[in-house]
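Top line first, the protein sequences correspond to chains V and B.
Using the numbering used here, read the first sequence as starting at 32 and increasing by one per residue.
Using the numbering used here, read the second sequence as starting at 32 and increasing by one per residue.
Since the hints were made in silico from the structure, they are not lab data.
Note that beta-carbon positions come from the ideal geometry of N, C-alpha and C, so glycine has one too.
Hints may contain errors.
As the list claims (entries may be wrong) - Have a look at the derived ranges for each label pair, beta carbon to beta carbon:
#, chain 1, residue 1, chain 2, residue 2, range
1, B, R267, V, E145, 31 to 41 angstroms
2, B, R338, V, Q311, 34 to 44 angstroms
3, V, S89, B, E221, 52 to 62 angstroms
4, B, R267, V, G209, 45 to 55 angstroms
5, B, S48, V, D342, 51 to 61 angstroms
6, B, G151, V, D394, 23 to 33 angstroms
7, B, G266, V, E94, 29 to 39 angstroms
8, B, E130, V, A398, 32 to 42 angstroms
9, B, G266, V, A398, 19 to 29 angstroms
Said to hold, decoys possible - Which stretches of chain V does chain B cover? Using the computed rule of at least three CB atoms under 8 angstroms from a CB of chain B, they are:
#, stretch
10, 264-270
11, 284-298
12, 399-409
Stated by the list, open to error - On the chain V side, residues computed to face chain B include the following (Cβ under 7 angstroms):
#, residue
13, A47
14, A276
15, E278
16, I390
17, S392
2 protein chains.
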Amino acid sequence: MTKPLLKSLLNDRLSASPESLIVRCLSERGVLSASQITRVTGLARSTVSTALAGLRKSGMVVETLASGDRARGIGRPAATLTLNPAAGTCVGIHLSLDEMRFVVADVSHSVIAEQTIPMGLDYQPRQAGQVAKSVITRCYEENGLPMAGLLGVGVSVSGPVSREGVVLRASIVPTWAGVNIRDVFGAALEQPIFADNESNCAAIAELMWGAAVGHDDFVLFKIDLGVGGAVVQQGRLVTGIAGGAGEFGHISIDPGGDLCRCGNRGCLELYASFVRPLEQISRIVRRPVTMDDVIEMAERGDVRALRMIEDTAEVAGRGLGVIGSVLNPPLIIIGGRMALAGDILLAPLVASYERHTLIKSRDIAPALRTRITVGKHTENDALLGAVGLVLRHNSRLQ
Amino acid sequence: MTKPLLKSLLNDRLSASPESLIVRCLSERGVLSASQITRVTGLARSTVSTALAGLRKSGMVVETLASGDRARGIGRPAATLTLNPAAGTCVGIHLSLDEMRFVVADVSHSVIAEQTIPMGLDYQPRQAGQVAKSVITRCYEENGLPMAGLLGVGVSVSGPVSREGVVLRASIVPTWAGVNIRDVFGAALEQPIFADNESNCAAIAELMWGAAVGHDDFVLFKIDLGVGGAVVQQGRLVTGIAGGAGEFGHISIDPGGDLCRCGNRGCLELYASFVRPLEQISRIVRRPVTMDDVIEMAERGDVRALRMIEDTAEVAGRGLGVIGSVLNPPLIIIGGRMALAGDILLAPLVASYERHTLIKSRDIAPALRTRITVGKHTENDALLGAVGLVLRHNSRLQ
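All chains should be built: construct the whole structure from the sequences, respecting the hints.
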């Protein structure tokens, strides 16, 4: 029974013992070779070697095949190690306007089960706690997983969350405004609870399993019905002192522009989200058009859909250009539903970024250029990231 | 003779021995108590205690008085430790348009000597190397310092510097464009050379000795004849992949604005630097007016100077508001010559930031508010920061 030991190694953030450093490192990164562990932890090679021998003997760490699905760690590991999948599991929950989504994963970063529960508009937090309890209990039973192996529950929220777990200014999930996530799910589930906003969770998903694997510094930029994002520096989310980092939708790009819901003028979200374009295109085609519809229309060559995506990409690139002049990141990952448009969005976006940021790609060596790409988990990044919160021991609510 | 040992402990960045971690930590932070060292290094208390005993026995680390000038470390240490001042010295050089400034400091972070050498406009790099050599040699002789104790030379440049040490787009020091700082000073001085742009150096000075002591995350925002800055996260400078982070002057705040020298439109520098305001006020008073003149006029209550500072602060606050929505930093330090105006600048700047950033101070608890303050070393921040490069082993040119 390795679980209590694993839990204590993962939870004791103050311990600098080689064993706990290695376990935390594998929990954060999934699959690593011994030499990658040496590099990431900064420990001596011999120390890593001794500690790994003990961890393997106790069954906490196992060897894994480098080929196939499991080889999603950094680079191409030779002999790769991971936490023993039997050593523990985590649950991720994503809360949105009218549904709750669940995922169960083990500590080797493999997804065991996923489920979506429709909740109806404006469901109550207390109800959500009860649903979570019954879904998780049933899911663990059906998959033969011991509840004792559950290490923690991560919650992704469509709105800002304070460090204490209170949902702030919840314009997307109004019934959650002022609610403490820890109170709701901690009481119902009796587990350690972790929570963060969906953009930060999305960044964690891309960092652990997606387009940012192996990158310590990047920016996630979400284009959807809103505009948002996240900043990762040195492998850690930049939250800001009040949780306000990565609020790219409220970069003002036009001092005399329209009034934004935030009270400022000319915010990027007004021009680079897909709310207004969808209104316009719906009016022209005389039926309600969704973002998925627009992508499909553009793929079929519809000039109106193409123009709409191009124009939005142009403005988004202007906002991204500002972020470039502040951070000059090595990597920008485009998330949000509009990222599913792929190159149709990316080509004009990259051109606009080049036009509006200070450091121009054409002036510098390829290795120094900011790379812009779409996310790998756009469809369920927030949900996967909620699991990531637990595995990385990020944003734990006390 | 502790110097060779100190040099090897400071330079071996891969070593995770307690001794080298403690020495690097003291070199970076100056004065610390044993318990602060334990917290910062993450080592066990007993490990720190054993390693410190050895370092004190060898004379590398000495106890210092907690009162007076030396107590400029983090917080208020009880029994404080520092590297032995006799164990080594560093030189900082600041290169500007028509002069070179020098400072010599010891590893306990005390300044031993300062000197300014007028060079005339457009002096040649080779000349600078020779001047540096003679100034440093003379200074070490006069102060009875052994040249063998020199650990390295840090160079602050009024322009961007690549990781390899090449001065890029040197609009302020044109004769340095394309020149490699390592080649110039390494050849003349035969010492390890460190180099970075003046804004990054200024941030390091505030971090080590100024308004950011004890802060791991902050933004430096410079208002001078140009606008620039630096971003510090987790105690480290964010340089960006091509050295382009912190280029706040080139945040575009007006898509239809005037053309900027960078090729973009509506850049913050056009509106928030003091070039245009000085032109205007000089025209009105019919004589050339400097930034120092304007501050003096404003302090005497001259309504034109006051209005000029207020208007510039308003625009600067708009740009800062954008930075706030990207990073939501705990602390913003205003640097550059205009910071010397103190509250005359700060009051309208803080008001404008509040107006233009997403997270409003009035909505949140005092502990979560971004604090905006002026720098403590505005007059010589770049020069002090050049010393800091060596002490922190930052931006070493290989």
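Hint-by-hint comparison with the structure:
1. R267/B / E145/V: 31 to 41 angstroms: 38 angstroms, holds
2. R338/B / Q311/V: 34 to 44 angstroms: 43 angstroms, holds
3. S89/V / E221/B: 52 to 62 angstroms: 53 angstroms, holds
4. R267/B / G209/V: 45 to 55 angstroms: 36 angstroms, violated
5. S48/B / D342/V: 51 to 61 angstroms: Distance hint for S48/B, D342/V holds at roughly 58 angstroms.
6. G151/B / D394/V: 23 to 33 angstroms: 31 angstroms, holds
7. G266/B / E94/V: 29 to 39 angstroms: At 36 angstroms between Cβs, range holds.
8. E130/B / A398/V: 32 to 42 angstroms: 35 angstroms, holds
9. G266/B / A398/V: 19 to 29 angstroms: With Cβ atoms ~26 angstroms apart, the hint holds.
10. 264-270: It holds, with 5 qualifying residues against the three required.
11. 284-298: The restraint on the stretch 284-298 of chain V holds, since 6 of its residues have a Cβ under 8 angstroms from chain B and three suffice.
12. 399-409: holds (count 3)
13. A47: 5 angstroms, holds
14. A276: It holds, given that the least Cβ distance between A276/V and chain B is near 4 angstroms, below 7 angstroms.
15. E278: With a minimum Cβ separation of about 5 angstroms from chain B (threshold 7 angstroms), the hint on E278/V holds.
16. I390: Since the shortest Cβ distance to chain B is 4 angstroms, the answer is holds.
17. S392: Hint violated; S392/V Cβ to chain B Cβ min 9 angstroms, cut 7 angstroms.
This entry does not satisfy hints 4 and 17, going by the numbered hints stated previously.
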